[in-house]
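Student: Based on these hints, arrange chain G on the given structure of chain R.
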Amino acid sequence: MSLGLLADADVVARCREGDQQAWNELVSRFSRYVYAITSRVYRLGDHDAEDVFQEVFARTYERIGELRDDEAIRPWIATLTRRLCVDRLRADSREQPMDEPIDPGESDNAIEMLDEALAVHEGLKALPEHCGEILDRFFARDESYRTIGEALDLPPGTIASRISRCLGKLKGQLEGRKPRFQPSGDRTETSIA
Amino acid sequence: MITKGQYDEESLGKLLGALPPAPEGWVAAAQELPRARLEMDDIVARAEADAEFRAAAMKDLEGALEAAGYDIAPAHLPVLRERLSA
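Quick mapping for you: the protein sequence lines, in order, are chains R and G. Take the working numbering: the last position of the first sequence gets the number 193, and nothing is skipped along the way. Take the working numbering: the last position of the second sequence gets the number 1086, and nothing is skipped along the way.
Keep in mind that the hints were calculated from the coordinates and are not lab data. Just so you know, not all the hints are guaranteed correct.
Stated by the list, open to error - Computed Cβ-Cβ distance ranges for the label pairs, DEER-style:
1. G:P1034 / R:H47: 16 to 26 angstroms
2. G:A1068 / R:E62: 23 to 33 angstroms
3. G:G1069 / R:R141: 32 to 42 angstroms
4. R:E66 / G:M1058: 28 to 38 angstroms
5. R:E62 / G:A1028: 17 to 27 angstroms
6. R:G45 / G:E1066: 24 to 34 angstroms
To be verified - One-sided excerpt, in silico: chain G residues whose CB lies under 10 angstroms from chain R:
7. Q1006
8. A1067
9. I1072
10. A1075
Beta carbons: idealized from backbone N, C-alpha and C, even for Gly.
Okay, chain R solo, but in the shape it has when bound:
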């Protein structure tokens, strides 16, 4: 089975055994999520966002053996990322006061939306043909029909209809699926040493 199709808990278990491919998968699986929390929720600048991004994965690597529940890796990473972002903002505000402090309720809602977005992204993996890649390129990478057509060797005139068709397939796949995630907005569920 491809590592991309493994459950989070299985990827974590393989990482603990020192499997480099599993670590690559874990980083790949959560990189967008961590990036979005740093850059979109807490609106860190590129330099701070990169520092926090690397710190999140460094601590994850160091502490993966201490995780009490392998299935809790996503909320664990969310909590860690939030904490490091808040620390960074506090440190920066000592040097330069922030214009508009981040409201914790607002960040809870934003991260809950990212949890849902992550579940939807995971749904892309199960779509047939080029569907996952077309949707990712159009919506997440903001590529034009022309760029997508050139990259996938498809006529640009067919991209719009493919996007619509692929969205339909994604919708069908997601609806009725049991929710996998508890929202990360609940800060009581996961502790970080």
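Tutor: For chain G alone, coordinates are given in the frame of chain R:
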């Protein structure tokens, strides 16, 4: 507001757009962590055993690493500096 479990094209598009890819270099550096950790252990051990290498590394870390044939991603240098200074 997106209601969980109920999707239309607009809400799906919004959710897909909420997770743009992280810069490739950031992802690659994080994926390199296990190898980088091993290499950093080696560098720290060498610095402890070789005063000349340690002095060169404290003066110009990137230059000393390059001269000694190490290949550490820039993202890991702050951690290495910390470990060498400890």
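Student: Given G:A1075 as an interface hint, is the shortest Cβ-Cβ distance to chain R below 10 angstroms?
Tutor: Where the cut-off is 10 angstroms and the nearest Cβ of chain R is about 5 angstroms from G:A1075, the hint holds.
Student: Quick check: does the Cβ-Cβ distance between G:P1034 and R:H47 fall within 16 to 26 angstroms?
Tutor: holds (25 angstroms)
Student: Does G:Q1006 pass the interface hint, meaning its C-beta sits closer than 10 angstroms to a C-beta of chain R?
Tutor: holds (7 angstroms)
Student: Quick check on a hinted range of 32 to 42 angstroms for G:G1069 and R:R141, using CB atoms only.
Tutor: Check passed, 37 angstroms falls within 32 to 42 angstroms.
Student: Would you settle whether the hint for G:A1067 is holds or violated, based on the nearest Cβ-Cβ distance to chain R being less than 10 angstroms?
Tutor: violated (25 angstroms)
Student: Taking 24 to 34 angstroms as the hint, is the beta-carbon distance of R:G45 and G:E1066 inside that range?
Tutor: Given about 29 angstroms between the Cβ atoms, the range holds.
Student: Please check whether G:A1068 and R:E62 have a Cβ separation lying inside 23 to 33 angstroms.
Tutor: holds (25 angstroms)
Student: For the hint 28 to 38 angstroms, verify it against the beta carbon of R:E66 and that of G:M1058.
Tutor: holds (33 angstroms)
Student: Determine whether the Cβ-Cβ distance between R:E62 and G:A1028 falls within the hinted range of 17 to 27 angstroms.
Tutor: holds (19 angstroms)
Student: For the hint on G:I1072, just tell me whether its beta-carbon gets within less than 10 angstroms of chain R.
Tutor: violated (13 angstroms)
Violated hints for the displayed structure, listed by number in ascending order: 8 and 9.
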